[in-house]
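Work out the full structure: start from the sequences and follow the hints.
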Amino acid sequence: MDIRVDTVRKEFSLYPALNDVSLEVKSSELIALLGPSGSGKTTLLRLIAGLELPTAGRIFFGDEDASGKTVQERNVGFVFQAYALFRNMTVLDNISFGLKVRPRSTRPPNAEIRRRAMELLDLVQLTGLEKRFPQQLSGGQRQRVALARALAIEPRVLLLDEPFGALDAQVRKELRKWLREIHDRTGHTTVFVTHDQEEALELADRLVVMSQGKIEQVGTPDEVYDRPNSPFVFSFIGESSSIPVAVENRELWSGGRAIGLPAPADAPGEATLFFRPHDVELVEDGVGAALAGVVAASRRVGGTRRVELEVGGNPNRVEIDLPFDHPAGERTRIAFRPKRWRVFPGKV
Amino acid sequence: MYDEEVIYDSRRLVPPEEHTRPTTERPWVRRTLIGIAVVFMGLVLVLPLLLVFVEAFRKGAETYFAAFSDRNSQSAITLTLLVAAIAVPLNLVFGVAAAWCVAKYEFWGKSFLITLIDLPFSVSPVVSGMVYVLLFGAQSALGPILKANHIEIIFAVPGIVLATIFVTFPFIARELIPLMEDQGSVDEEAALSLGATGWQTFTRVTLPNIKWGLLYGVLLCNARAMGEFGAVSVVSGHIRGKTTTMPLDIEILYNEYNFTAAFAIASLLAMLALVTLVFKTILEFRFGDELAGTRRH
Chain A
1 MDIRVDTVRK EFSLYPALND VSLEVKSSEL IALLGPSGSG KTTLLRLIAG LELPTAGRIF
61 FGDEDASGKT VQERNVGFVF QAYALFRNMT VLDNISFGLK VRPRSTRPPN AEIRRRAMEL
121 LDLVQLTGLE KRFPQQLSGG QRQRVALARA LAIEPRVLLL DEPFGALDAQ VRKELRKWLR
181 EIHDRTGHTT VFVTHDQEEA LELADRLVVM SQGKIEQVGT PDEVYDRPNS PFVFSFIGES
241 SSIPVAVENR ELWSGGRAIG LPAPADAPGE ATLFFRPHDV ELVEDGVGAA LAGVVAASRR
301 VGGTRRVELE VGGNPNRVEI DLPFDHPAGE RTRIAFRPKR WRVFPGKV
Chain B
1 MYDEEVIYDS RRLVPPEEHT RPTTERPWVR RTLIGIAVVF MGLVLVLPLL LVFVEAFRKG
61 AETYFAAFSD RNSQSAITLT LLVAAIAVPL NLVFGVAAAW CVAKYEFWGK SFLITLIDLP
121 FSVSPVVSGM VYVLLFGAQS ALGPILKANH IEIIFAVPGI VLATIFVTFP FIARELIPLM
181 EDQGSVDEEA ALSLGATGWQ TFTRVTLPNI KWGLLYGVLL CNARAMGEFG AVSVVSGHIR
241 GKTTTMPLDI EILYNEYNFT AAFAIASLLA MLALVTLVFK TILEFRFGDE LAGTRRH
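For the protein sequence lines, the chains are A and B, in the order given.
Residue numbering for the first sequence follows the working numbering, beginning at 1 and increasing consecutively.
Residue numbering for the second sequence follows the working numbering, beginning at 1 and increasing consecutively.
Hints are computed from structural coordinates only; laboratory data are not their basis.
None of the values given here were measured: they were computed from a predicted structure.
Pairs of lysine-lysine residues, derived as DSS-like cross-links and limited to a Cα-Cα distance of at most 27 Å, are as follows:
id	chain 1	residue 1	chain 2	residue 2
1	B	K147	B	K242
2	B	K211	B	K110
3	A	K100	B	K104
4	A	K347	A	K214
5	B	K104	B	K211
6	A	K69	B	K104
7	A	K100	B	K211
8	A	K131	A	K100
9	A	K26	A	K177
10	A	K131	B	K211
11	A	K69	A	K100
12	A	K173	A	K26
If you want it as C-alpha cells, here you go:
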C-alpha cells in the first residue's frame with residue numbers, strides 16, 4: 001500500500017506544525033522521518049495514522065482518499081513512543097486486542113485469535129511470555145509486544161513513533177536489525193520517526209529530512225549523506241565542517257587566497273563551504289592552493305584524531321580528521337583540501 | 001603538619017547516634033511532636049467516636065437494638081440507603097464524565113469548569129440546601145408550576161436526593177481528574193488505532209486504568225451521601241418517618257432527650273465511617289500508586 005501526502009498543512013492554535021508538506025511513500029518501503037524536535041515529524045506520522053486531522057491537504061492510501069477517515073477505518077499499525085501497552089492485560093491479551101474488538105461479523109473465532117497472537121509472539125521472539133503483564137517486561141520486550149500488537153490487525157501500513165527512543169544503546173542496535181528483518185519478511189509499508197540519524201541511515205530505504213514543519217530533502221541514505229541539498233541537511237546528517245568563502249573567477253577564496261577548489265556555479269559573492277571532517281587530504285603547506293590553519297585543540301575519536309583548526313581570522317573553528325598517529329601538536333600549521341565538498345550561497 | 005587526631009579513619013565506624021540524617025530531628029523533639037499529635041488525635045477524634053458507642057450501649061444491648069425497631073428510625077435508615085443508592089451512581093456517571101472531559105480534552109473555560117466542580121466543597125452545605133428551596137420551593141417561580149403538576153421536590157425525597165447529589169458531586173471527579181490527567185490519552189489512542197470503538201476503548205482500556213481510583217472516590221462519596229446533614233436538613237422539612245434521613249433522625253431523637261436511641265443510630269453512621277476508613281486504607285496500601293497523587297480531602 002503506497003501512501004501519498006498531498007500539500008498537507010497542520011496548525012495547532014494558529015502555530016503551523018506542518019507547512020504544506022507533500023510526500024510519496026512507495027509500497028513495501030521502509031522510510032524514516034528524521035529531524036530535530038519540533039520539526040513536525042511526529043505530527044506528520046500522526047496525520048498519516050488519522051490521530052490528527054489536517055488543517056488543509058489530503059492523504060491517500062493507494063488511490064483511496066483517506067483524509068476523511070477515522071483512525072479505526074484507516075487500519076494502520078501504530079507503535080507509540082512509550083509503547084502504550086494496556087497495563088491491565090497480559091501480553092497475549094494485548095496482542096489479540098485488535099482482533100477481539102472487531103465486530104462479530106469480521107471477528108475470527110477465539111481459537112484462531114489465540115493462534116495468530118501466538119504466531120506473532122513467536123515472530124517477535126517472545127514465546128513463553130504470553131502470560132506476563134507489561135510491567136514485568138524489559139523495555140526491549142515491551143517494544144516487541146507493541147509491534148506484535150500493531151501487526152495483529154494486519155495493517156495496511158505500519159507507523160512507528162521513535163520506536164527505539166527509550167531504549168539503551170545496545171538493545172537499540174539489536175532491535176534495529178531485527179525490525180529490518182521483520183520488515184523484509186512481512187513487507188509492510190513502514191514509516192518511522194526518529195531523531196537519531198544513525199538509526200535512520202542504517203535502517204531506512206529512504207530518508208525524509210524535516211526541519212521547522214517542512215521537508216528539506218527526501219532520498220536514499222547515500223543521496224542524503226553524499227549530496228545534501230541544503231546547509232541544514234549537510235550539518236544535520238553526519239559530521240560536517242563549514243567555513244565562509246568567497247566565489248570569484250570560478251574559484252573559491254578564503255582569507256584572500258584561492259584554496260584550489262573550483263566554484264560550482266559562476267555566481268560571485270559570499271558563500272559557505274561545507275565538507276566532512278574525514279573527507280580531506282593533507283597537502284604540504286605553501287605548495288599549491290589549499291586551506292590552512294593552526295591546531296587549536298585535538299582529541300582522539302576512535303581510530304582517528306579530530307583536530308580543531310583556526311583558519312585565517314574565522315571565529316568558528318574548522319574540524320578535520322587526521323590519522324591518530326599524526327604528529328600534529330598544539331599550534332602546528334596544517335594545510336588541507338576537502339576531497340568532496342558543497343558550496344551554498346550566502347553566509348550560514 | 002597534620003594533627004593525628006583529626007585524620008579521618010574510614011575503618012572507624014561512626015556510632016549510629018552521631019550519624020543522623022540531615023532531615024531527622026533530635027529524639028526528644030521527635031517524641032514531643034509525636035506525643036502532641038497522638039494526644040490531640042485521641043482527644044479530638046478517638047474519644048468522641050468511642051463515646052458514641054459507650055452512650056449507645058449505656059442502657060444495655062436490649063435498649064440499643066430496640067432503637068432500630070422504631071418505625072421512624074427504620075424509615076430513616078431506608079431513606080438514607082435509598083438516597084445514597086440514587087446519588088452515588090448518578091455522581092459516578094457525572095464524575096467519570098466530568099473527569100474524562102477535563103483530563104482528555106483541551107477547551108476554553110476548562111479551569112472555570114474545574115473551579116465549578118469544586119464549588120460544593122467551598123460553599124456551606126446549608127447554602128446548597130437554600131438554593132434548592134429558592135429554586136423549587138413554594139415561593140419560587142417554578143413553585144406554582146410544580147404544584148399544578150403535583151410534583152413535590154422540596155420537603156420530599158427528590159429534594160433530599162438533589163441536595164445530596166450537589167454536596168457529594170466533587171468526590172469522584174476530584175479523585176479521577178489528576179489520575180486521568182496523569183495517564184494521558186495515549187492508551188486510548190492505541191486502542192482506537194487497533195480498531196476499537198469509543199465505547200470499547202472506554203470499557204476495556206479507560207475504565208480498568210482508573211478502577212481503583214474510581215472505587216476510592218465512590219467510597220468517599222457514599223460516606224458523605226449517607227452522612228450529609230446541612231443541605232438535607234434545609235430541604236427535608238423534618239417530616240418524621242417520611243423525609244428524615246439518619247443524620248436528621250439522630251438530631252430529632254437527641255432534641256427529644258432520647259439519648260440512647262440517638263447514639264444507637266449514630267453508632268451505625270460511625271460504623272459506616274469505620275468501614276469506609278478500613279476500605280480506604282486497604283485501597284491506599286494495595287493500590288497507592290494507582291490512586292491520585294494529590295490528596296485534597
